[in-house]
Amino acid sequence: MSRAGSTAALAAVTVALGAVAAALPWLGVSSYVRTLVYYACYYMALGQAWNLISGMTGYVSFAHGALAGIGAYATVIALNAQWPVAAGLAAGAAAAGLASLVIGATSLRLRGAAFTFATLFFQELVLLIVRKLPAAGGPGGLVLQEIYPTSLPYVLMVVLAAVATIAVAALRFSRTGVRVLAIKHDETAAVAIGIDSTRLKVAIFCASAAIAGLVGSIHAIFVGSLFPDVVFAVEISLIALAVPLIGGVGTAMGPVVGALLYVGMREVFQVVAPGLHLTIVGLLILAVVLFMRDGIVGAAARAWATRRRTAVPAEGG
Amino acid sequence: MALVEARAIEKRFSGVVAVKDVDLLVAEGELLGLFGPNGAGKTTMFNIIAGAVRPTAGAVRFRGVDITAVPAFRRARMGIGRTFQVVRPFRGLTVMENLMAAVPSAAARDGRPADLAALLRGVGLEKRANDPAAALTLGMLKRLEVARALALSPQLLLLDEPLAGLSDRECADMLQFVATVRRSITIVMVEHNVHLALPICDRAVVMDAGSIIAEGTPGEIRKNPAVIRAYLGEDAA
Amino acid sequence: MSLTLFFQLLANGLVVGGLLGIVALGLALIFGVMRVVNFAHGEFITLGAYATYLLVTQLGASPLFGIPLALALGGAIGWLIQAGVIARVTERPELDMLMTTYALSVVGLGAFAAGFGGDFRSYSAGPSGSLDLAGVVVGWRSLTVLLTCLVMGAATLLLVQRARVGLGLRALAQNRDAAASCGINVIASERLAFSAAVALAAAAGALVSLIGTTTPTVGHGWVLDGFVVVMLGGLGSVAGALVAAFGIGFVQSFASYLLDDSWARIIIYLLLYAAILVRPHGLLGRQEHA
Ligand SMILES: Nc1ncnc2c1ncn2[C@@H]1O[C@H](COP(=O)(O)OP(=O)(O)OP(=O)(O)O)[C@@H](O)[C@H]1O
Ligand SMILES: [Mg+2]
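First to last, the sequence lines map onto chains A, B and C.
Heads up, the first sequence is in the working numbering, so the first residue is -2 and it goes up one at a time.
Heads up, the second sequence is in the working numbering, so the first residue is 165 and it goes up one at a time.
Heads up, the third sequence is in the working numbering, so the first residue is 579 and it goes up one at a time.
Honestly, the hints are just simulated from the structure, not real lab data.
Computed from a predicted model, the values in this text were never measured in an experiment.
Be aware that one or more of the hints could be misleading.
Said to hold, decoys possible - Stretches of chain A that chain C covers, calculated by requiring three or more beta carbons in the stretch to come under 8 Å of a beta carbon on chain C:
no., region
1, 233 to 244
2, 276 to 285
Unchecked claim - Short derived list, chain A residues pointing at chain C, Cβ under 10 Å:
no., residue
3, 28
4, 31
5, 33
6, 59
7, 109
8, 113
9, 118
10, 126
11, 128
12, 269
13, 272
14, 293
Unchecked claim - Covered stretches of chain A, going by a simulated chain B footprint (3 or more residues, C-beta under 8 Å):
no., region
15, 165 to 176
16, 180 to 194
Ideal Cβ placement from N, Cα and C applies to all residues, glycine included.
Using the sequences plus the hints, can you model the full thing?
In structure tokens:
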């Protein structure tokens, strides 16, 4: 089938690019470029995590930044307790996955905006609670005691971005992916053909949260210290959804394009309008939702289809 | 044993009694017509059998098993397929993906793509397999929905107004298709166009204002005074 | 706890409850008429607060003039945003609608942060002194807030329940297509509802600036509590919403005193999770029919 073929091709390209990106620290590239690549992968992985639940099921999460934050805290606490790195990362993914079950088990039984509300409040609640927890360092935060070489989080983040992208692509064209998209298009009809929408939504959200948690874990190793107001800033949850939205929701390539674009934009805006970062991202999301619903990837695909056979197909998933 | 046995069903929507004290039996293998004026409670009965709506009183049995508390997705897996009065395709998915979504997991593991192709041919959509559902006409969407319900391999098929909105030509095709499907599957069909639908039914039930007012063979139903009154009442309104 | 203290906290709770009621009323109006969850509502509160702050500090006017100013400003901006942005997404999938108001909220948050920085701003002009009712001290400012909320709330409810425009809004809340076919001007009604709700939010902001400090995120906190009220109280019943608003007001007031502000918020948000479980279709779990 051509779809399996294109997924495999995408996987091959992603792996190749990922390998090159991962090798950059040893290729004598300037640290500025390496940092840019790192952040592109950070946003890409976080964007894919959001894409997995919100892009595929249509249930909007405003809490992916908070889920990443939970992963970050769990990992730093574990590493400070002398756990090996792999176990520390696993702790991050598991903590975020568990948190997602708490949100998901309650609100994903319901249709509509209940889930979005649950995530909105979760975002606030986590910050409030973390600031109260002595184990999490309270308002002062935590510092990672051991210093790891930057190439460690760098390589990990590149790999995670590649794996997340391939996972979303593989899901999109699998039978399970079709069933997940069916929920997004019409949940009543999906249930009527035997799809256990609650279970599927909770499972996808859990996987998505685990990826977000890993993103946070790796980033915690990268930055080395955690301040609750920074780690749980609304901004990170915003970026998690802005990146796939700009690139193209529900497609594997969307967050890739979105992340590359966003990293570039951020560099420009930091010089041109340093204080207006949030506002600009907000306006960009508005523009995309109002005028370019399927993002850059979707718009490009439509332009391509128009050129190839003058007939414009109706919007696709 | 009846395939479906709905007993003493009542459904209220905050004050409105949509269905009251309805007993509906569907025998294995029959094509049952469910008729009645607007608001009679036909769709509500479908929703109750398929699990989209819980009755306020009464019980539903399927193959002798009480399914009153069974969620809709599990009823679909037990073999209850349905279409919707207002079509509900997965618009962003292709025609083939619409069917793929419905294939039960066990069947999917065995791999039966040929069946789906045959289904599409049956409803005349084989040429549109890779088009998004959003690109189809209403007539095609109605057929797609029937095919999607059949992809479940159901034992019972609930068709809610399969002819509504179709051209004469499309109506004839749909009736033809239903006539083919009924050989292997029990069907309950709600239809406003009694003249077209009644002749192919084995048996018919007529509802009005939430209750069953008549039941019998097509011949009996045509002559039933209560039915004539209910329909005249509707026409006069 | 002494009885005086108890009544004192009760009085504080009333003030918070009044403000929450106004905020929740706006949210419910927008959701009821347009099926839009307005995540940007809090930024309109902040807008009213900063407008009043500027009025007082730049023009030396009394903060009481901030209330009509905020109403007018909110009404106008609400009208423009409804026409320019919201109207484009009301017929779209839920994801688009949620993203739109969330993005508006972020735009507002960013703009306030850029314009005013993170400082806590307050002023001393306006009603001062307090009323001593058998030991329970109620500031004139708090009384002003409570009274204004009651008047605005009553006026809005009268408008919706009694006036002709209100009939249009209620019809719209029931069924958009049917309302349109009865000759109700759907577009104008939606614009009116949004604009009125935003005006209320901005006025609430003016009042918030009177009794507290103004920061770029001041409205954000209020609107989250407003959502809790709407979810707990349900959309259909005014009484339910009032009970929820004052209930949250009391929880806030007592928990803030007995524990601290953060714990008060934690408790309220946990209440929300309970609400989601108990009232799955309360306001926002839009029940769907096959
Ligand atoms: N979800 C609901 N909420 C409130 N009332 C409902 C709901 N569903 C149906 N009703 C009411 O129940 C009654 C029966 O409706 P139902 O849709 O079952 O009728 P029907 O026989 O299918 O009519 P039609 O021929 O128009 O499709 C009607 O009065 C209808 O308004
Ligand atoms: Mg019906």
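Practice problem: May I ask you to test the interface hint for residue 109 (chain A) with respect to chain C, counting a Cβ-Cβ separation under 10 Å as satisfied? | Solution: Since chain C brings a Cβ to about 4 Å from residue 109 (chain A), closer than 10 Å, the hint holds.
Quiz item: Holds or violated: is the Cβ of residue 293 (chain A) closer than 10 Å to a Cβ in chain C?
Solution: violated, 16 Å
Quiz item: Regarding the hint that residue 128 (chain A) lies at the interface with chain C, is the smallest CB-CB distance below 10 Å?
Solution: holds, 7 Å
Quiz prompt | Supplied contact hint for residue 28 (chain A), tested at 10 Å Cβ to chain C | solution = violated, 30 Å
Quiz item: Can the region 276 to 285 of chain A be counted as covered by chain C under the rule of three residues or more with Cβ-Cβ separation shorter than 8 Å?
Solution: holds (count 7)
Quiz item: Going by Cβ atoms only, is residue 272 (chain A) closer than 10 Å to chain C?
Solution: Check passed: Cβ of residue 272 (chain A) comes within 4 Å of chain C, closer than 10 Å.
Quiz item: How about residue 113 (chain A): closest beta carbon in chain C under 10 Å, or not?
Solution: holds, 6 Å
Self-check item: residue 59 (chain A) as chain C interface residue, shortest Cβ-Cβ below 10 Å
Solution: It holds, given that the least Cβ distance between residue 59 (chain A) and chain C is near 7 Å, below 10 Å.
Quiz item: Quick one, is the residue 31 (chain A) hint okay against chain C at 10 Å, beta carbons?
Solution: violated, 29 Å
Quiz prompt | Status of the hint placing residue 126 (chain A) at chain C (closest C-beta pair under 10 Å) | solution = Check passed: Cβ of residue 126 (chain A) comes within 6 Å of chain C, closer than 10 Å.
Quiz prompt | Hint check, residue 269 (chain A) versus chain C [nearest Cβ-Cβ separation less than 10 Å] | solution = This hint is violated: residue 269 (chain A) lies away from chain C, its Cβ roughly 13 Å from the closest one there, beyond 10 Å.
Quiz prompt | 8 Å C-beta test of the region 233 to 244 of chain A against chain C, three or more residues | solution = Check passed, 3 qualifying residues.
The structure does not agree with the numbered hints 3, 4, 5, 12, 14 stated previously, though it agrees with the rest.
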